[in-house]
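Each chain is listed here by its residues.
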Amino acid sequence: MWTRALIPVAAVLATFVITSIFIILAGANPFEAYYNFIIVPLSSKFSALEVLVKATPLIFTGLAVTFAFAAGYYNIGAEGQLYAGAVAAAWVGATFTNLPAIVVVPLMLVLGFAAGMLWALLPAFLKVKLKVDEVVTTLLMNSIIMYFISALLNGPWRDPETGWPKSPEFFEAARFVQLIPKSRLHLGFVIALILVVIVFIVIKRTPFGLQMRAAGASKAGALFAGINVNRTMLIAALVSGGIAGLAGVSEIAGIHYHLISELSGGYGYTGIIVATLGGLNPIGVSVAAMFIGLIDTGAQTVSRVLGVPVYLGDVVQSTLLLVTLSMLLLQNYRIKRI
Amino acid sequence: MGDFIIDIIAATLRVATPLIFATLGELFCERAGILNLGIEGTMFFGAFSGFAAASLSGSLWVGVLTALVGGMLSGWLMSLFSVRLGVNQHVSGLGITLLMTALSLFGFRVIFGESRVLPSITPFKQLSIFPNSPVLGEIFSQYALTYIAIALIPIVWWVVYRTNFGLNLRSVGDNPEATDAAGINVYNLRTIALVIGGALMGVGGAFLSVAQLGSFTFGIVAGRGWVCIALIIFANWHPIKVLWGALLFGSVQALQSRLQLTGIKLPYELFLALPYIVTIIALTLAGRNASYPAALLKPYKRE
Chain A
1 MWTRALIPVA AVLATFVITS IFIILAGANP FEAYYNFIIV PLSSKFSALE
51 VLVKATPLIF TGLAVTFAFA AGYYNIGAEG QLYAGAVAAA WVGATFTNLP
101 AIVVVPLMLV LGFAAGMLWA LLPAFLKVKL KVDEVVTTLL MNSIIMYFIS
151 ALLNGPWRDP ETGWPKSPEF FEAARFVQLI PKSRLHLGFV IALILVVIVF
201 IVIKRTPFGL QMRAAGASKA GALFAGINVN RTMLIAALVS GGIAGLAGVS
251 EIAGIHYHLI SELSGGYGYT GIIVATLGGL NPIGVSVAAM FIGLIDTGAQ
301 TVSRVLGVPV YLGDVVQSTL LLVTLSMLLL QNYRIKRI
Chain B
1 MGDFIIDIIA ATLRVATPLI FATLGELFCE RAGILNLGIE GTMFFGAFSG
51 FAAASLSGSL WVGVLTALVG GMLSGWLMSL FSVRLGVNQH VSGLGITLLM
101 TALSLFGFRV IFGESRVLPS ITPFKQLSIF PNSPVLGEIF SQYALTYIAI
151 ALIPIVWWVV YRTNFGLNLR SVGDNPEATD AAGINVYNLR TIALVIGGAL
201 MGVGGAFLSV AQLGSFTFGI VAGRGWVCIA LIIFANWHPI KVLWGALLFG
251 SVQALQSRLQ LTGIKLPYEL FLALPYIVTI IALTLAGRNA SYPAALLKPY
301 KRE
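If you read the sequences in order, they're chains A and B. The first sequence maps to residues 1 to 338 in the working numbering. The second sequence maps to residues 1 to 303 in the working numbering.
Just to be clear, a hint being listed does not mean it is correct.
As the list claims (entries may be wrong) - A few chain A residues that don't get close to chain B, going by computed Cβ distances all over 10 Å:
#1 Ile39
#2 Leu185
#3 Ala220
#4 Gly221
#5 Val287
Said to hold, decoys possible - No farther apart than 35 Å at their CA atoms in a straight line, the calculated lysine-lysine pairs in the DSBU-like style are these:
#6 Lys301/B with Lys219/A
#7 Lys241/B with Lys298/B
#8 Lys45/A with Lys166/A
#9 Lys219/A with Lys298/B
#10 Lys131/A with Lys298/B
#11 Lys131/A with Lys301/B
#12 Lys204/A with Lys301/B
#13 Lys301/B with Lys241/B
#14 Lys298/B with Lys204/A
#15 Lys131/A with Lys241/B
#16 Lys241/B with Lys125/B
#17 Lys219/A with Lys129/A
#18 Lys204/A with Lys131/A
#19 Lys182/A with Lys166/A
#20 Lys129/A with Lys298/B
#21 Lys219/A with Lys204/A
#22 Lys219/A with Lys45/A
#23 Lys129/A with Lys45/A
#24 Lys166/A with Lys265/B
#25 Lys131/A with Lys219/A
#26 Lys241/B with Lys219/A
#27 Lys301/B with Lys129/A
#28 Lys129/A with Lys241/B
Keep in mind that the hints were calculated from the coordinates and are not lab data. Ideal Cβ placement from N, Cα and C applies to all residues, glycine included.
From just these sequences and the hints, can you work out the full model?
What follows is the structure in structure tokens.
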């Protein structure tokens, strides 16, 4: 059992060794780079909080992916569902100008969740009813919503004064409160942490969670045990979409205050990395999200200080995913052989 | 009207070219039993490495060749995880896509810096086969890579259905245990299939940068890889049907860009999204009769 805890550490070290090749190719010193990557962001209060800001959407998308993957439904559409939630929040946040925060914020969360579910509905329905592969359809839905967003921002939501493609500004009550002065950390982080607990309880401690995990482990076995696998999968897929929708609500109401097409930096896809690193466990997901948030923040430091392209962060994250995958598997091999 | 149709046909072939390359690539992977979701990233890496090599060497064909080798590398990397280690193919494939995308963006910045002007090259010229015919001359005035893509269809058909390698390929995707019992190395065969597949995906990506655009932009592939994943199901893993699928998608794409110009009062984004919507519909209709390779997604472990 103790090796399970060592795997993330070993994976991170191996990843650093592998990615140092690219740092050298970019003409920088790997040790200096990793100092700026990991230590510098944590050594000031502002940038340490910024790590949590970056982790917030990743906790949501990581949980969304976890919820679906645990039930054996490969929802790769968190990115699109995030934008669906953001559209709903953008509409609420600019429309109900005379409502107080106590009403508007829950309304945004509910509608954002519903919008994410709605965007997840078609692939889930096609999967359950017609056995259409959900991986392909959720990916295609990601492309489709980007055109929808673009149509909104170039059409009815185009800024009438500047002509920029961004939706109307949120009014004050619809903006998430800042948790700490002079930092961007907002209410979304708290909501994300609450959701970690809820998802943990649902997956690990409820009959439905058990059905989900049974369906995810073996469809045939779950059917044999009398579980309605299609219904379980459908619900898991929709809830997953809803959680991803909340990521969009949180980003728009906590950071941007208006809809732009660059709202998500691929958070939906990074959610898959986070869910895998976290071992499809909500607690693990929150830790993994914070680590990936650290890499995101660190990549900006490295880019600023050493001139290494900021995409080094993406290289590190994807390498880490592949390395972790292999290590998890090698561990399984060992257990079998002994 | 005649001009309009000829124009559409010519544009359809252009749009279909990268899809034909990449879908044929995916065909090799999936016929061997591996779903390669690395396709999007491999195409992106092909577009980047092809452009970078063409730009640095001054030769477009060196660019295409580099993309081919880059794609092979990506396919080989995918084989390490999905074949040798037997990792979950969905997650490892997406991992490859994320990695190849990140490496391309990183490499592009390292080589070309943060210049405000988009680096560009003079792309391939279109070759006219029938310069004297008004109709055929227009339709068959295409990039060399388009002709190669079309020629590849019967070649791949022949390889898959008429060679020993093809026979082994099909059997390893359906029943790896039996293939192994027949004395064929399942791991090597699947690795070769992924490497071939990656090469084709890389060239498909390079078409976008060194033929169509003459530059490399971050949105250059724009989900085409995912479309190919749908096309291969639509084509029922058959090379000839890949052509029809790619032409169908290409014609919708070509039609939408012409419809935008007709001044119909609809947001142009609706037309841009149309090919993706049509792909989902086509997939739904074709999905019922899809006969997946039996061992797809199942890692092989020798007992």
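Hint check results:
At the 10 Å boundary, the C-beta of Ile39/A stays outside the reach of chain B, the nearest C-beta of that chain being 22 Å off. Look at Leu185/A: its CB is around 27 Å from the nearest CB on chain B, clear of 10 Å, so calling it non-interface holds up. Every Cβ of chain B is farther than 10 Å from the Cβ of Ala220/A; the closest lies at roughly 14 Å, confirming the non-interface assignment. At the 10 Å boundary, the C-beta of Gly221/A stays outside the reach of chain B, the nearest C-beta of that chain being 16 Å off.
The Cβ of Val287/A lies farther than 10 Å from every Cβ of chain B, with a closest approach of about 19 Å, so its non-interface assignment holds. Under the criterion of a C-alpha separation no larger than 35 Å, the hint pairing Lys301/B with Lys219/A is consistent with the structure, at around 21 Å. The straight-line distance between the Cα atoms of Lys241/B and Lys298/B is roughly 25 Å, inside the 35 Å bound, and the hint therefore holds. At roughly 31 Å between alpha-carbon atoms, Lys45/A and Lys166/A fall within 35 Å of each other, so this suggested pair holds.
Our distance criterion of 35 Å between C-alpha atoms is met by Lys219/A and Lys298/B, whose separation comes to about 14 Å. The suggested pairing of Lys131/A with Lys298/B holds, with an alpha-carbon distance near 18 Å, which does not exceed 35 Å. Restraint check for Lys131/A and Lys301/B: satisfied, since their Cα atoms lie roughly 27 Å apart, inside the 35 Å limit. At roughly 31 Å between alpha-carbon atoms, Lys204/A and Lys301/B fall within 35 Å of each other, so this suggested pair holds.
Of the supplied pair hints, the one linking Lys301/B and Lys241/B holds, its CA atoms being roughly 32 Å apart against a limit of 35 Å. At most 35 Å may separate the alpha-carbon atoms for a hinted pair to count; Lys298/B and Lys204/A meet this at roughly 27 Å. Between Lys131/A and Lys241/B, the direct Cα distance comes to roughly 21 Å. Compliance with the 35 Å bound is thereby established for this hinted pair. Distance check on the hinted pair: Lys241/B and Lys125/B sit about 28 Å apart at the alpha-carbon level, within 35 Å; holds.
With a C-alpha separation of about 15 Å, the suggested pairing of Lys219/A with Lys129/A holds against the 35 Å cut-off. Taking the CA atoms of Lys204/A and Lys131/A, the gap is near 28 Å; set against the 35 Å cutoff, the hint holds. Taking the CA atoms of Lys182/A and Lys166/A, the gap is about 25 Å. The hint holds against a cut of 35 Å. Of the supplied pair hints, the one linking Lys129/A and Lys298/B holds, its CA atoms being roughly 23 Å apart against a limit of 35 Å.
At roughly 18 Å between alpha-carbon atoms, Lys219/A and Lys204/A fall within 35 Å of each other, so this suggested pair holds. Restraint check: the Cα-Cα separation between Lys219/A and Lys45/A comes to about 48 Å, which exceeds 35 Å; the hinted pair is violated. With a C-alpha separation of about 51 Å, the suggested pair Lys129/A and Lys45/A falls outside the 35 Å cut-off, and the hint is violated. Note on Lys166/A and Lys265/B: the hinted pairing holds, with a Cα-Cα distance of about 22 Å set against a maximum of 35 Å.
Using a Cα cut-off of 35 Å, the hinted pair Lys131/A and Lys219/A holds, with the two alpha carbons roughly 14 Å apart. Proximity of Lys241/B to Lys219/A is assessed by CA-CA distance (about 32 Å); at most 35 Å being required, the pair is judged to hold. This hinted pair checks out: Lys301/B and Lys129/A have alpha carbons roughly 32 Å apart, not beyond 35 Å. Under the criterion of a C-alpha separation no larger than 35 Å, the hint pairing Lys129/A with Lys241/B is consistent with the structure, at around 25 Å.
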